[in-house]
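Protein sequences, first through last, are from chains A and B.
Here the first sequence is numbered in the numbering used here, starting from 1 and rising by one per residue.
Here the second sequence is numbered in the numbering used here, starting from 1 and rising by one per residue.
Don't take every hint at face value.
Among chain B residues calculated to face chain A with C-beta under 7 Å, some are [said to hold, decoys possible]:
| # | residue |
| --- | --- |
| 1 | Y33 |
| 2 | G37 |
| 3 | L51 |
| 4 | V53 |
| 5 | T54 |
| 6 | I56 |
| 7 | G58 |
| 8 | S59 |
| 9 | T61 |
| 10 | D92 |
Reference excerpt, derived from the structure (chain A facing chain B, CB under 8 Å, subset only) [what the hints assert, rightly or not]:
| # | residue |
| --- | --- |
| 11 | R49 |
| 12 | D123 |
| 13 | P127 |
| 14 | G141 |
| 15 | D163 |
| 16 | D164 |
| 17 | K172 |
| 18 | K217 |
| 19 | T218 |
| 20 | L221 |
| 21 | L224 |
| 22 | Q227 |
| 23 | N231 |
| 24 | T331 |
| 25 | R335 |
The set of hints was computed from the structure by calculation and includes no laboratory data.
Note that this is a predicted model, so its numbers are computed, not measured.
Built from N, CA and C at the ideal position, the CB exists for glycine as well.
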Amino acid sequence: METYILGIESSCDDTSAAVLRDNKILANVIANQEVHKFYGGVVPELASRAHQQNIIPVIHKALDAAKIHKNQLHAVAFTNGPGLLGSLLVGASFAKSFSMALGIPLIEVNHMHAHILAHFIEDPQQPQKPEFPFLCLTVSGGHTQIVLVKNHFQMEVIGQTIDDAAGETFDKAAKIMGLPYPGGPLIDKLAKKGNPHAIPFPHPKIPELNFSFSGLKTSVLYYLRDQLKKNPQYIEENKEDISASVQYTIIEILMNKLRKAAQQTGIRHVAIAGGVSANSGLRQTMLQEQEQSGWKVYIPKFEYSTDNAAMIAMAGYYKFQEGDFAHQQVTPYTRYSD
Amino acid sequence: MKQVKRTFTEEQLTDVANHLLKDNPNKRIFAFYGKMGVGKTTLIKALCQTLGVTDIAGSPTFSIVNQYLTEDGESIFHFDFYRMKKEEEAYDIGYEEYFFSGNYCFIEWPEKIQALLPQGCVEVSLEEHQSVREIKY
C-alpha cells in the first residue's frame, strides 16, 4: 500500500509543507514572496505571525501540487522542536487540528533528525542511500553537530559547537567584510577566486569532538581591523583571499573533528546535512576525503539541505511504519535535548 | 547611571560574572551592549555557568532565543536580537512571555528592541581596550 504523508515545518524563519508518497516527494513548498503573490498577501520576514499567515496557503499549495485530496493523507507529521517556540506552536497547532479533523495519526518529528533523514528521500541522481551506522555532520546557521546515526530513529550527538554555529560564522565574517546578510553564499562565491592559504587564521583547541567558532570570528574581526588601519581599501582589494581563507579555516575546523570521529568510531560512511552542506568548498573537501581516505560520502541535494518540510515528511514516514504516533497533548520544545 | 566599572581579562571572566549577579541580586533582565566580537556571548556563558546551567550555552544569533536549564530545573533565556529588523518581530516571538516570566533573561543586541526593554533592566556595556575588556553597569 502506498502511504501519503503531509509534512509541516515551521521551526524558524520559513513555513514549509510537503507531501510524500512513501519516500518520493510529490510536493515540497516553502513560503516565500511567490506564495504570497499568489495569495495576494504580504510577508513579514520572520516568526510566528508570518507562519500564521503562511501555513494554510502553503498546505493548500502542497496538496494542489501533489495532486491529491486531503482525504487521501495517511498521517500528518510536524516539527516539534528544536526551534523558536512561537514558530513551532503554529505548525504544531495546525498539525494537531488537521490530523484530528481528518481522523488520521499525528506524528512529531525532531528537526535535527529530519535533516539527517533527508538523505533517504528518493533521488534518481543519488540512488545510493547511507548505510547504517553512519556519521552525519549537520551544519547550519543555528547548529553544528556530529551525529552517530545508528538507524532511522536512534541518533547520538557525539560532537557539537560550544559557541557559534558554522553557518553563523560564515554570516558574521561576511558582515565584518561589509557583505549583505546572509553572507555565507557570497563568501562561497568569492572564495572560488581566492587563495585559501593567503591568511592563516588560527584553529581552536577544543577537546573531544566539539567545535568552537567564536575565536575565529574574533580573529577575522581583529585581523581586518589591523589591515584597514594600514590600507583603508584592504577588504575591497582582498575580498576573494579573505573569503577563501575564512572558508578554508571553517571547513578545516569541521573536517578535523569529522576525521577524528571517523577514526574513533571506525565508521567510513559519512554524510553532511543542513544549510551549510550547500557550501561548494565543503562538498569538494568531502569528495576529496572520499578519494583519499576511502570514505563513502553522502551529500544531499541542495533543496533538502536547507529547512524544508520534505525531510519532516520523510522522518514521519519512518515513524508511521513503526506506528510511533503522537498524542494531541504533545507540546513543542526549544532545546535539542528535550 | 552606571555605577560599576572594571577591566578584566579572560581569566577573570568567572569573577566578573559572579560580581555582576551579586551586585544585582533582585534583577533578572540583563541587556548587553557592545560590538561584535567584544565577548557578549562569552560573558553570558560565564553567567550561565555561575547559575548552574548544565547545557552548553551557545550563540542564539540564528535561533533568536536559547533556553537553558540549571541544575535546579530553572529556565534561563538567552536572546540575540542581531537579526531583527523591526521591533514588531519581537512581538511576533512573544517576547513578553520571556521578559515577564521572572526567569533570568540575558539579551544581546538589545539596541534592536530598546523600547521594549522592561524598567529595571540592568544595562551592561562591554568595551575592548587593547588586551583587556571593560565592563560597566
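Broken hints, numbered, in rising order? 1, 3, 4, 5, 12, 13, 21, 22, 23, 24
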